[in-house]
Structure formats: structure tokens, C-alpha cells
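> Line by line, the protein sequences are chains L and R.
The opening position of the first sequence corresponds to residue 4 in the numbering used here, with each subsequent residue numbered one higher.
The opening position of the second sequence corresponds to residue 14 in the numbering used here, with each subsequent residue numbered one higher.
Keep in mind that the hints were calculated from the coordinates and are not lab data.
Not one of these hints is a red herring.
A partial selection of chain L residues facing chain R, derived with a Cβ cut-off under 8 Å: (1) 63; (2) 105; (3) 106; (4) 108; (5) 109; (6) 111; (7) 113; (8) 154; (9) 156.
Where a beta carbon is used, it is the ideal one built from N, C-alpha and C, also for glycine.
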Amino acid sequence: MSARWAVVVFPGSNCEQDFVTAVRDVLGREVVEVWHKDEVPEDVDCIAIPGGFSYGDYLRAGSLAAMSPVMQSVKAHAERGTLIIGVCNGFQVLCEAGLLPGALMKNTSLRFRCIDVFLRAEREDSPFTAGFLKKGDVIRIPIAHGYGNYYAPAGQIGAAEKQALFTYCGADGRVEDSTNPNGSVMNIAGVTNERGNVLGMMPHPERAVEALIGGTDGLNILKAMDREGAKA
Amino acid sequence: MLKVHVLVHLRPDIMDVQGQAIREAVRGAGHDVVDGVRVGKSFYLDIDARDADSARDEIEKLCTETLSNPLLEDYTWEVVEQ
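Bound-form chain R, shown alone (with noise of 0.2 Å):
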């Protein structure tokens, strides 16, 4: 069983309003080192597979398809437990 971490992000180009709005209020609460905020998704899959290579085109299928939407949303994805 693998357990594999994927994050999904809003792409770069697109304005993320919730991490704008995160930024203000705790520059606003006094944490004026925080220059910049992003929100994202995180999950956690357990896959039933031996290893990354033989569960990679699942995996690829799976955060394009599914965990994310290509048109507003980048993915990265490691294998955290073998």
C-alpha cells in the first residue's frame, strides 16, 4: 500500500481572493511578515499498488481528472509512505 500526498493549487496567473483576504487579516492582526498567501487542497490517498512507477499514470489520471480542475488548478503529488 502506498500513501501518496497530492496538493492542488489555484494556477499562478489566477487571483486566489481567499488567500487575499487571509493576507489582510493577519497583516491586520499583526503578522506583518506574511507577504503573501496562497490556498490549497490536500489529500491524502491510500493506493493499493507496489510502487510510484507501477501507480504513476493512475495517480497523473486521477489528480487531472478529478483532484483538480486543469483549467484554474496545478498539482504536485508524493509518495510519503511505502
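The shape of chain L in the complex, shown without the other chains (with noise of 0.2 Å):
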């Protein structure tokens, strides 16, 4: 059995091809886009939540998204267990939605950065990282993004902390100020529920899945998940 996958679109997402490429002609698996005034299908086993600017990034980035007719079957699907990735504005968005712990800001530095940063795997008990990432193994995927500044209240701090699957570091895995992109607390890239099913994370698995355009640390994430969902 192989997953089925769907990407959630919004007016202003900019990155869902990238995801619908990776996943069909990379990955090779069937994937539905799904406008965000319509239902993610109940028989999808992976949700793809893509990056851009989600509604012009209007009131704040991610919360009108978060609002959107869509998300009802989003949260749906998370109760149910099915596996939900967030990136950069998809983060922004499941934040908004109260599915992840914690807020995103503007970057510290006030610049938009767009790099390729390290990454640390900060659990081995995930279906994002199983069967590639061991804690404290490093990985390298590109961030785009002014509003990627992690912050989690007093009262989530701990769920933020016990939650985070990676965090921004240097190439030996060093965890440190200077390797941190954007000002987020503990250096948080990527965080998940509770439960653990549901993923957001600044950084773009979607465009590190080819050798040719800069490495295939990102497939390994999407891979994953197909193994993973399929297996749900």
C-alpha cells in the first residue's frame, strides 16, 4: 500500500507545486490539490500544508488561512491521526489554527533570509524522521522566510520544548546563537502536537528532494511520511 497524498491551497500559496512535483514525479505517488474552500479527502493518509503567502499574509501571517473553510477537514484529519506537514506559511497556518503550540514572528534581524540551514533532529520517535534520523543527526534544507521567529508562551514553553523535532544548527550539530536564522526560542525550526502526527517547520523539505538542485535531506522527510501514512 502506498500513501495518498493531499496539498492544501490557498489564495497566495506559492509553494504547492513544488510540493505536488515532489511528491508526484519524485516520490511518485498520486496527490490531490485541494482549494481551500473545499474538503481534504477522508481517504488521504499525508497532508501537505505548503508555504507562501496565505491571504496576502493580512492580520497575521497564517490566521485567516487558519480560518478557511478547509481547515475543518485539516483538524479533522489530525484527530484521526492522519499525517499533516506545515511548511513556512503552512506552519504559520497550524499554528493559527491551535493544531501546534506556539507563535511565529517577525525574524529578529527584520531580513527576509533565504539560506540553507543545518538542521538537528531532536527525537528518533516521529514518522517525519523514522527510519533515516537518529537524535542528534544533522540535515541540510534551504528556509525562506520573514516570519519565521519561534515563540512559545510560559505556559508552552515546555510542550514547545518536549515537541521540537529540529532545531537550526551548525554543520557538527552545535546548537548555538550564531546558528540561529530568525531569533526562535531554543533555536526551534520544527515542532510537533502532542500526539505527534502534525509537523510545522520553517525550513523546505519540498525543495531539497534532487541532488541536482541541492540535496534530497528533504525527500527523506517526505518519505517518511509516505511510509508512515501508508502504514496507518
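From these two lone chains plus the hints, build me the complex, please.
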């Protein structure tokens, strides 16, 4: 059995075709694009919320998309245990929708950061890294964002630390202020919900799926989702 | 019809990087009297209600669920036209 995929599309999404290409052409899986006014089909095993500027980033990044009709079906899928990955603006949408702890603010540098970063895996019990990453392993994936400064208030900081899956690090795996591209608390680059089936991350795994364009570490995340999603 | 003015700001314990950048810029332009800047958002809502009391719950819900993110921001609101 192979997993069925859905990619959610909002007005202003601009990374959805990167995801579709990665899943359909590189991973070789069936993928449906779901418009923000529609519902994600029930028989989908993996959902991607892509990057971009949904609703023009009006009000707060991701806030209006979080209220759109499609998110009711995404929430229902989250409760059923479907694997859901939100990347960049998708991470912001999942936080605003209350599916993940914390929130994302402007980068402390006030600069849009568009670079490759190193990420350290902080756990090894995750369906998003199963079979290819152990705790402490380092991967390289690009970021491109102005609102990636992850913040969790006092009441959620414990959950954020426990549920952090990726932190910004150096090539040697050291996590320091100098390896933090946006001011995120505890260098957090990606965090899951408590159950572990919903992941939000600022770096773009769908842009690291072929050696020709800078590496395949992102493809390994999608492959792990694909394997684990098909099992569920 | 009520006209309601809502102000949303980052909570005081959260660093306002935009405010800091503006502070540096205006001081650089010679406005030494400016000691601090905090940036916020201002909304004017036309609310179909007779008075503030009857609309209070709805306005509070709007402020906490939509206009602000309570993890990061505080808000205040007032009726400016009745």
C-alpha cells in the first residue's frame, strides 16, 4: 500500500507546486490539490500545507487561512491521526489554527532569510524522521522567510521543548545563537503536536528532493511520511 | 450602529523588533526625544448593535479569536461612535 497525498492551496500559496512535484514526480505518489473552500478527502494519508503568503499575510501570517473552510477537514484529519506537515506559511497556519503550540513572529533581524540551514533532529520517535534520522543527526534544508521567529509563551514553552523535532544548528550539530537565523526560542525550527502526527517547520523539505537542486534530505522526510502514513 | 476602535499590540514582555528599528531610525534622524517605540494595529469595526453592552461578548470574542493572537498580543477596544 502506498500513501495518498493532499496538498492544500490557499489564495496566495506559492509553494504548492513544489510539493506536488516532489510527491508526484519524485516520490511517485498520487496527490490531490485541495482548494481552501473545499474539504480534504477522507481517504488521504498525508497532508501538506505549503508555504507562501496565504491571504496576502493580512492580519497575521497564516491567521486568515486558519479560519478558512478547508481547515475544518484538516482538523478532523489531525484528530484521526493523519500525518500533516505545514511548511513555512503552512507552519504559521497550523499554529494559528491551534493545531501546534506557539506562534511565529517577524525575524529578529527584520530581514527575509533565504539560505540553506542545518537542522538537528531532537527526537527519534517521529513518523516524520522514522528510518533515517536518529537524535542528534544533522540534515541540510533551505529556508526562505521573514516571519520565522518561533515563540512559545510561558504556558507552552514546556510543550514546545518536548515536542521540538528540529533545531537550527551548525554543520557539526552544535545548537548556538550564531546558528539561529531568525531568533526562534531554543533555536526551534520544527515542532509537532503532542500526539506527534502534525509537524510544522520553517525550512522547506519540498525544495530539497533532488541532488541536482542541492540535496535530498527533504525527500527523506517525505519518504518517512509516505511509509508511516501508508501503515496507519 | 456602533463604531468600535480596537488596538492590538505585542505584549510588553515580547521584544518589538519593528519598534526598535523605528526608534533607531527616528533617533538617527535627530529626534532624540524618542525613547521608545511600540508598533501596533488599529481596527475600526462597524457593529450592528444598539449599545456596547449588547455587543460586548461578540467584540471580546472577535478580539481574542481573530484580531489578536493572545499568545503574543494584548488588545483594548472602545466605542467611538454610537
